[in-house]
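Q: Mind docking chains B, C, D, E and F on chain A? Use the hints.
Protein chains: 6
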Amino acid sequence: MPFAYRPMRSLIFVDCVREEYRHRLLHWLYAMHVPDSISKFGPYVQKYAFYNALPVPPEGERFGTRRMQMTEHYWLLNEMTPEMHVNAFTERMPVEVLRWQGMIPDDGTDLSKAANMDGDTHRASGGGEMPPFVFAHVPINWEEDLKGAGRTLDDGPNYRWQFVVQWPEPEAGERWFRETLAPYFQARPEVNRFLSSKIYQDVVGCKFHRLVELWFDGPEEWYAAAVEGTKTLDKPAWAQQERFPFLKSNFNIVGMFLPDMAASDNLTQYRGYITMR
Amino acid sequence: MPFAYRPMRSLIFVDCVREEYRHRLLHWLYAMHVPDSISKFGPYVQKYAFYNALPVPPEGERFGTRRMQMTEHYWLLNEMTPEMHVNAFTERMPVEVLRWQGMIPDDGTDLSKAANMDGDTHRASGGGEMPPFVFAHVPINWEEDLKGAGRTLDDGPNYRWQFVVQWPEPEAGERWFRETLAPYFQARPEVNRFLSSKIYQDVVGCKFHRLVELWFDGPEEWYAAAVEGTKTLDKPAWAQQERFPFLKSNFNIVGMFLPDMAASDNLTQYRGYITMR
Amino acid sequence: MPFAYRPMRSLIFVDCVREEYRHRLLHWLYAMHVPDSISKFGPYVQKYAFYNALPVPPEGERFGTRRMQMTEHYWLLNEMTPEMHVNAFTERMPVEVLRWQGMIPDDGTDLSKAANMDGDTHRASGGGEMPPFVFAHVPINWEEDLKGAGRTLDDGPNYRWQFVVQWPEPEAGERWFRETLAPYFQARPEVNRFLSSKIYQDVVGCKFHRLVELWFDGPEEWYAAAVEGTKTLDKPAWAQQERFPFLKSNFNIVGMFLPDMAASDNLTQYRGYITMR
Amino acid sequence: MPFAYRPMRSLIFVDCVREEYRHRLLHWLYAMHVPDSISKFGPYVQKYAFYNALPVPPEGERFGTRRMQMTEHYWLLNEMTPEMHVNAFTERMPVEVLRWQGMIPDDGTDLSKAANMDGDTHRASGGGEMPPFVFAHVPINWEEDLKGAGRTLDDGPNYRWQFVVQWPEPEAGERWFRETLAPYFQARPEVNRFLSSKIYQDVVGCKFHRLVELWFDGPEEWYAAAVEGTKTLDKPAWAQQERFPFLKSNFNIVGMFLPDMAASDNLTQYRGYITMR
Amino acid sequence: MPFAYRPMRSLIFVDCVREEYRHRLLHWLYAMHVPDSISKFGPYVQKYAFYNALPVPPEGERFGTRRMQMTEHYWLLNEMTPEMHVNAFTERMPVEVLRWQGMIPDDGTDLSKAANMDGDTHRASGGGEMPPFVFAHVPINWEEDLKGAGRTLDDGPNYRWQFVVQWPEPEAGERWFRETLAPYFQARPEVNRFLSSKIYQDVVGCKFHRLVELWFDGPEEWYAAAVEGTKTLDKPAWAQQERFPFLKSNFNIVGMFLPDMAASDNLTQYRGYITMR
Amino acid sequence: MPFAYRPMRSLIFVDCVREEYRHRLLHWLYAMHVPDSISKFGPYVQKYAFYNALPVPPEGERFGTRRMQMTEHYWLLNEMTPEMHVNAFTERMPVEVLRWQGMIPDDGTDLSKAANMDGDTHRASGGGEMPPFVFAHVPINWEEDLKGAGRTLDDGPNYRWQFVVQWPEPEAGERWFRETLAPYFQARPEVNRFLSSKIYQDVVGCKFHRLVELWFDGPEEWYAAAVEGTKTLDKPAWAQQERFPFLKSNFNIVGMFLPDMAASDNLTQYRGYITMR
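Protein chains in written order, with my numbering: chain A, 1 to 277; chain B, 1 to 277; chain C, 1 to 277; chain D, 1 to 277; chain E, 1 to 277; chain F, 1 to 277.
Think of the hints as simulated: they come from the structure by calculation, not from any bench. Errors might be hidden in some of the hints.
As the list claims (entries may be wrong) - Within a straight-line C-alpha distance of at most 25 Å, the following computed SDA-like cross-link-like pairs (lysine to any residue) qualify: (1) 198(E) / 188(E); (2) 147(C) / 225(C); (3) 47(A) / 268(B); (4) 113(E) / 147(F); (5) 47(A) / 267(F); (6) 113(D) / 154(E).
The shape of chain A in the complex, shown without the other chains (with noise of 0.2 Å):
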């Protein structure tokens, strides 16, 4: 019987909740999942991508920023299906990677002794009093072209501001986002570009409800538009916090600042874990 075919993009954004832990997270990314991801899905995935996440701007904090960097994948099939569950190998994940990424207490508690998670705890991980691991399914090709279509790679490099949010109440959210929001930006000088689509909830249980990305020249534009703008903007209902984006950060709200280009696009380019002399 066929499978159903459902190209899909993912998103994941990776956090790097101390400095003492990004050349950790850096070496186990490249050189242990990176190898184990391409032999687990190098079969039906078309493009597995790292982008590299820029640093916070003023106030980012709260907007739920993520610091490390975004995972991109493009799916040729659904890996949550039944059919899809018996893997050879385990990807190696010891526990303390999700520490490095703030999914659970960085409280000193001893790791070194706890067992290998498997991937999909791995990425099922967070929530509750820590933040959300956030593995998001979209559509292949954007849903929404709000603004700026027809831009190309020479209208110059963009600061790309990417973010999911979960609305507290879906139906007011979504109304807010159309109605408020997404005019909002429209009509903001500083935005070149504005894209969204909605978030596939069925494939991995993720609960964000949308994707948004806002392009930028630079994170000053970002911050006259997103923070000092933004004042202007009505409180919502729903509000979890005093100021846009009005939702609870890295809960509600995940996102990150990212260029146009990727860090590693590694089925083209990996080519082991090479180091400095």
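A: Okay, now just chains B, C, D, E and F, sitting in the frame of chain A:
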């Protein structure tokens, strides 16, 4: 809802109407268009290759022979569906590129201020007074094996004549192809291989009906079979020129002479635009 | 009309019946067959890898152990459908290659004048008096996880025993596998991992029923579990030989001993046939 | 007449003086500078890699810490000799790039009309009031192994502090390095590895004397050893600031914090400037 | 004893004397010669690239213009020394290949039984009645920068005219180049870039004296400067034809029109001989 | 001061003394040693390839035949000079790896606590009671072409017998090679190609004198020439065994049977350690 799974191949026959433009077109193709394209369709294109046109043989002009390259894609989905409409970046396509390809008049009009075109507009250009842009989608494998099955690479390098036809009268044209032309070429000793497929007219609205490919040892054998030998063919009722191919050159028949190998298999071989020192 | 979307994996167990042929087979595989294959199926194969057979362990001959390589493909569509029948080029497959692989007698008959075979004929060779060519299509992921889930690459390199079985009595065979053999290997301490899938018999008419893979630390552990330990197993009614595996070697059981890594992941690693100086 | 055979390594410490510029610098580096560079020196450079700067640790500003990347080359010949002077193409180096790197004032002057610089002028920029462009050539292997020989990749990911020093008084500086600083760091438990080489001052006229590299488990260990612990060090006669490193930050000491792996090993990994969709 | 360290660049101007041969030459070059060459000189060649000849412009025949490709190597040592004489494999060079390139008469003699040539014999072919095989070694960088220093890739794609000259009277020829020809082209507005180097005559016994390269916007500008404008040049005493270039075409002047980019940078881009389907 | 320019080739003959170790050695080589090595010598090694040993033919044990692989490097400089001594990282070389290769006794001693060895110590292992580690440096091209010059890849795949000899009496050994052995093999019809070079004994202190390579159609032809035919050879005065090769197996003669192609050309083909699913 799952996408339709429709793997397809497509062919674009790119002309170069003046030698003054060849190296410019080459630069645009490799320095700008290849990276723009890989960025855009990398996640759903399985092969993206350029094949260099061999020089036009004697009398080849009558056959709608184009002079730059054949651009080939193998698609995992139909890029023309609404779900695929929104793209973060638009490809860089200066209008001038269409002039180089003969889709708009080479009349000296200053195009340097013209806006960038988007790719779909570009690929729908030509027509009317000007020759059409040819973007033909066909089944992933050839449909009809008319002569020479079993040929291997060890049987020698091939001079491949590839063309698309738009019959002035589709039914009569198809009948003539099947009853007159195919038997003619099957009987010619110079023809080593003969393949054909119908064109999917529903994908991008391509008006051509059929793709044909004939392999010869070289242009001299092609001339014997396609120019000399065809003098015996009766002119069909729908003929647009006196002699074979009986179709209006570069409008109802468009084609190219090609070798077996790709000039660049872009997804596996492209490594940036690197120049001679 | 859309194609059926049926991503699959396939395995071919290639034998080398005489050392006089090993380097010739190697040359044919890498100098001719890999480029022929990539040219042909590049647009719809996601992974195409060769895994070198480890030497046959003591008593391994009884288990239908082949001695050259396992050839693995991951397909995006079923190449055996009528839509995929016509190919521009036929793969170069001298009949001699079948002799090297043991599909036709190694009887000194001069094959140098024999015509090239097409690939499908080649892959349907063997059978009758001669061992069958094994071309088994299976689900893209393993179906049954019988032991050792959670194993990672850090648990050590694996000695993988992979085999296909064709039960003389399919129902009885499957029952014996489930009630006798699987519990036996699950209980053996030498078995680190145990996986199995049913073979898709509808793709190329493969007559084998099941693919099984068992991982050991090395051939000594394999010997303990598969030769020594199985002496306690009762001979089933359908047995074709006295001892385990109870199946006719190289006819009803065909397999190989393999390491974890591919000798060549052709789509990403092949760079032409380059020789030692 | 044969060339002098002088394989060398060189390091460039690239700063980013304002976050408004980081993604622009990234774009210039990968979209323009890498292909320009490979085109130019591909035939005589063996390795050309970028290593991303880790964020500046607390008090790191005092140490001349730069914030973008370390650019590393391994040369097969000295590009500064007269025989290497003429180049077909000049690298694209808008003056603005120097502003982003802090080599000219970030004072708002419009540089958009400024002529392209050639690469050698670019790499000789800075100095005087502005910090110097650091382009340091060193022996292909490290000269001095001061601590931690035998460390392997399995000993854990490293937080590498790399810096060059220009002593105000070269003889006294070298003596202080050897008699005071080296023993200090050798004795610190946080230091896992300690390496140093003299800089070749004859290649490009680099004024720095010495390259030093110290490896720690992370920035907290660096802080303990380099900030806290050094409070006990006596201020040398030639000191330019009160505390260690006693050198004028970003002028007499310039450095960076780096992980083990390259962000991009350009000669093997670059595949054009491909963007996020 | 150490080798002489003599990094060099070499150029081969490959002709195609009849269109019947172009796709055969292409097949031999890419299916056989590239892998043979990489196997042989991979360990001491840093760059090995093919650049496709642009079509011969009007009157280009008078200038010794060849029609296939320029083959470029960058060598780390002189392959012609006795130490480099013995090779495990000899390159596959059917004599017929020389006919396709115009080094031996295209007279219909059956060459199919002729022995394979070795590469050095091949590369010393031609001469006497037939045009010489041109294999010119030059310094790794250009020696003389005669016009247009500072040109970057952003100044536009280039139509590069590259040729070697063998002066009938070397001293007079060089004087004429310096006093008459160089000033002429320096003064022509169509010339964007002008470079030249002396040829190393000691490497393979190349009889040509000088390599020259001139860049234009296109063939029309070349025609204005090299054909129209040169009518004013006085015929030198040693002239071999009435008009500029005053040298015997294809014997004393041999050249090619080339774009900036390589058709194939073989060491980094070659991935085997893969065909169109 | 410039380095000595001394391009060299080196060969290492790696044994595998027990099948229990083959897949472990394979894992160490590809998962750890290749990336360690590329990290270390990438900037001065031009080729780094592994060639898989073909199975030992009948009586091959007497000839010091090793069973894993030949590791080949082409060096741009002598890594053994003092300038090359200090390395940032040491290669991961568990002592156990030497046991797998037969350089230390396979006696069951627990080596799991033994310290990592550095690479130079590893490559100087063996000797005394145990067979020596063979690391032989030779000229970049073969020195002596004793038979079969002109052979091309089209003459058929080769069964290459490669071995190094350490003469018990160097002068007598060389004389015997030249006067007896070389003429013998030159006269044997089974020998298709015959090459030899002296070993550079000054690089790593290699005690072997000469590298020899003989090509046959296969092991049966080797047996006829090297085992059967050599019965007629008189035993030399210095003989260490009764029959040819008259040298102490695995001590004074060490060799391997190899195909033409590399199993992995690591610098161009390595893409990380990717496993079967």
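Q: Would you mind marking each hint as holding or not holding in the structure?
A: Each hint tested on the structure:
no. : hint            : in the structure
1   : 198(E) / 188(E) : holds (23 Å)
2   : 147(C) / 225(C) : holds (15 Å)
3   : 47(A) / 268(B)  : holds (14 Å)
4   : 113(E) / 147(F) : holds (23 Å)
5   : 47(A) / 267(F)  : holds (24 Å)
6   : 113(D) / 154(E) : holds (15 Å)
Every hint from the earlier list agrees with this structure, and none is contradicted.
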